[in-house]
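Chemist: Residue numbers (this note's numbering), protein chains in the order written: chain A, 15 to 272; chain B, -6 to 664.
Read the hints as simulated data drawn from the structure, not as lab findings.
Just so you know, even glycine gets a beta-carbon here, dropped at the ideal spot from N, CA and C.
Please note: incorrect hints may appear among the correct ones.
[What the hints assert, rightly or not] Listed next, the stretches of chain A that the computed footprint assigns to chain B, with coverage defined by at least 3 CB atoms under 8 Å from CB atoms of chain B:
1) 27 to 33
2) 41 to 51
3) 208 to 214
4) 245 to 259
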Amino acid sequence: MKICVLMKQVPDNDSAIILSNDSSSIKLNDITWCTNESDTYALEEALLMKEAHGGEVVACSFGRESSQQVIKDALAKGADRGLYISEEESDGFDILSTAKIFTQALKDENFDLIFSGLQSNDSGNAQLGLLLAEMLNMSHAALVMGTEVLNDTRIKVKQELEGGWFQWTELDLPASITIQSGLNKPRYASLRGIMMMKKKPIDIFDSSQIDSTGSKNKIFLDKMYIPQKVKETTFIEGTPDEIASKLGDLMINDIKVF
Amino acid sequence: MTEMHHIPTVFYIFALVTILYTIYNFRRFFGIFSGKPESKLPKSFLTQLNHLFRYGLLQRKVFSNRFTYAGVMHFFLAWGFFILLFATTVDFLTARGILTKFLPALDTPWFAFINDLGGLMLILGLILAIFRRTSQKPEKLPNSSLSGRGNLLGDMGILIFLLLLAVGGFLSEAARLGADQPQFAAFSWIGYTLSKALSSETWIAIKPVIWWFHAITSLLFIAVFPMTKMFHAFVVFLNIAFTDQGKRGLLRPMHVSDLLSDPDADIENISLGVGNVMDFTWKQLLDSASCTECARCTTLCPAAQTGKPLSPMKIITDIRSALYNTDNGKSNDKLIGKLITETELWSCTTCGACMEICPVLIDHIPTFIDMRRHLVLSEGTPPEMAGESLEKTAQNGNPWGFPKSKRLKWAEDAGLDIPVFAEKKSADVLYWVGCAGSYDPRNQEVSKAMINIFKNAGIDFAVLGTEESCTGDSARRMGEEYIFETMALQNIEIFKKYSFNKIVTQCPHCYHTLTHEYQDFGANLEVVHHSEFLNELINTGKISLENNDEGSVTYHDACYLGRHNQIFDAPRSVIKKSRGRDSIIEMPRNLQNSFCCGAGGGNMWHEINEGDRININRFDEAIQTNAATIATACSFCLIMMDDAMKVQGKEQDVEVLDLAELVNSRLKIQI
């Protein structure tokens, strides 16, 4: 099984986000970077699959120089090889252009599986894995909560539906699968892993040298802003029964937690 | 030359067989020579000689007011044994005509007297020990006795065996005195009294039987000695000789950065931490061989006392067990997961209670941490929640995972104007706020109090602000030497940029790490804990306090301030000066015997789901003093005690305060 895991470097959730003066971007100096959360689950799923069925796991990232750290972390955790597509201006690419660049970089690798996190914590498109499936002629499944390899050519996946429902689906390989957070427990990078990482190769593609004809942005950023936090408190009054019924109603229809 | 005893030739044949068998039984012990080289060896010969006298011969640590019975028991056993060993050695030499000019003969009055005294002491000690094992049955004292030693006698068996030996000794003495009637027989007061029980003729008749009985039990004892609990009488002396008391508890640096930059490192086979018994240093193996299974460590261990699956003694004897089962030091058996479970290792708070009480100077904590290192650095399996805090430490420079850029937010929010080294470049005092002091809301109050005190006392100080990172204490104790070293090297680089005379910190964990552990990476820092600093400010009159003499205080000794760094008086002095001379009510477990809050050793960052919570246990002890205030001098203790107060719903009854808050509330001027 030859598996590629797409991994993105995103600002840490706890990072201090400060906008640039013209509100077109965020100030990068104060950012602590980390691997996109669902991508770490995608990597873990790939590593578990490799451990069970053999094969190779390739960690692939597209972005500025510092993105290589994401690949290094993946190699330290057990990925075999890195594939870095360098692009200092990667934030300026819309998702279709990004998918086209990935297509060019990955098309000759003939992966059996491409795993990616469900969506990135920063731009949140949730489309890359699906676009790649189309462009590389692979079957696909999104929101995957579990995987099971059936044989060399077929895989079964558990997808999350709405309202707490799940669905098992069988796919032909090659397939591109987007992984939902929480389906496994991402491993800790051991020092031994970090030492071994230093001996693993990272192939570097310069995105400007990739034939990306047609990858012109169709989406342009207008303005960025930090949403205002609004705290709303509603007091429910009445008898305990009335309160319970109103609270239940709120939870089901307004907050939609059930 | 005095008359030589007549000893039958067949005895010498038995003796030869015995010695060969003893040597054979020693073979397991020789496994320690296959251990890794030791870096913590003592340097001063005289100090070691002193320690051998103090801890070996006088057994100073055996006597503890928490184990009085056992102390008295051991005194009789040990000194009875020493005297008899001396007597037997003298007898052995004089019987062969060696040094007879200088040595006493069997019936030299003083020699005969102490000889019998020794025997009596041994018998008394044995009776006390047998009574303890049969009637008192201390809960944690192991009864199986086979662990790691594998002799059929067991711990109880060896007591009975020694009793036979001692009684046999008196009987054969009585037989000799009864049969030979020597001139000074009465000085062998017990043997002499016994000899009067039978007629001289009877003694003559049964003397050979008694003699052989005693001879054979003696030889058997020597033969099985290395297989029994009594072996400690030999190994412990070796262990004391090679233990550097000053370095006990200190972790061995791994120098990970050297390892990472070494192109020839055999990554696949390199041992990171200890996964196999032969990954220990020979001194750590000697430690394990020294354990007498007295169970004092396990009796006092906070994890064991709250029902967690940790027994420090079990881990040490498991190591011995693995050592004794190796084939000439070759063993590929995994230690962790088989003999020792991961939960046992993660239950340790590194509080040091085990090491404080251990009579034979075993260095428990570094040994446990070495095994954690294996789990984290080699296997990549820290406890789940701990793994998160480790990743956050690496990422953001603090285990909470708050942004590094917000490290001074507590001061900004409080509207405090604090000098920062990045601008000031030089100051007398570097105030090390620490992660808790920077990010934990409860500890931020302590930091604010410290700032007010600094300003009040007119101290020339500054903080590192966003340039400060976690010292790496928790990471290191969780076995994450790589993150610890990264933090240490990073902080040391920052220290080099600025000029300051000393570091002041309110966190004993930071204090311990900066003082003792950064030395291994080239930083010799003068670090002062805030308890000492505040005490000095008060004593030198730099701050003056309004002493309202109100409210009693019970002081919770932090492990890393008290046991690990012997700072007991300064915090108490600060309390007395801010709350009155008689304000302190001590808890039953105080000073060296203090009970952990439960957060040390990385336990702040994960939960062992078995047993009770350690902080609740300690809080309940504090509340029983009826003191109005529980005072702490440690960032983690403050969190744990404050948390326990809320869990127990005692907010109305007691307040939990740090020393700095106590002092700050008594300052005449608030700035």
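Chemist: Now look at each hint and say whether the structure bears it out.
Modeler: Structure-based check of each hint:
Only residues whose C-beta sits within less than 8 Å of a C-beta in chain B count toward coverage, and the stretch 27 to 33 of chain A has 3 of them, enough to reach three; the restraint holds. Remark: the stretch 41 to 51 of chain A is confirmed as covered by chain B, as 3 of its residues place a Cβ nearer than 8 Å to a Cβ of that chain, reaching the required three. As drawn, the stretch 208 to 214 of chain A meets chain B at 5 residues by the rule of a beta-carbon pair under 8 Å; at three or more, the given contact holds. Note: the stretch 245 to 259 of chain A has 0 residues with beta-carbon separation from chain B under 8 Å; the three-residue rule is not met and the coverage is violated.
In the structure shown, a violation is registered for the earlier hint numbered 4 alone.
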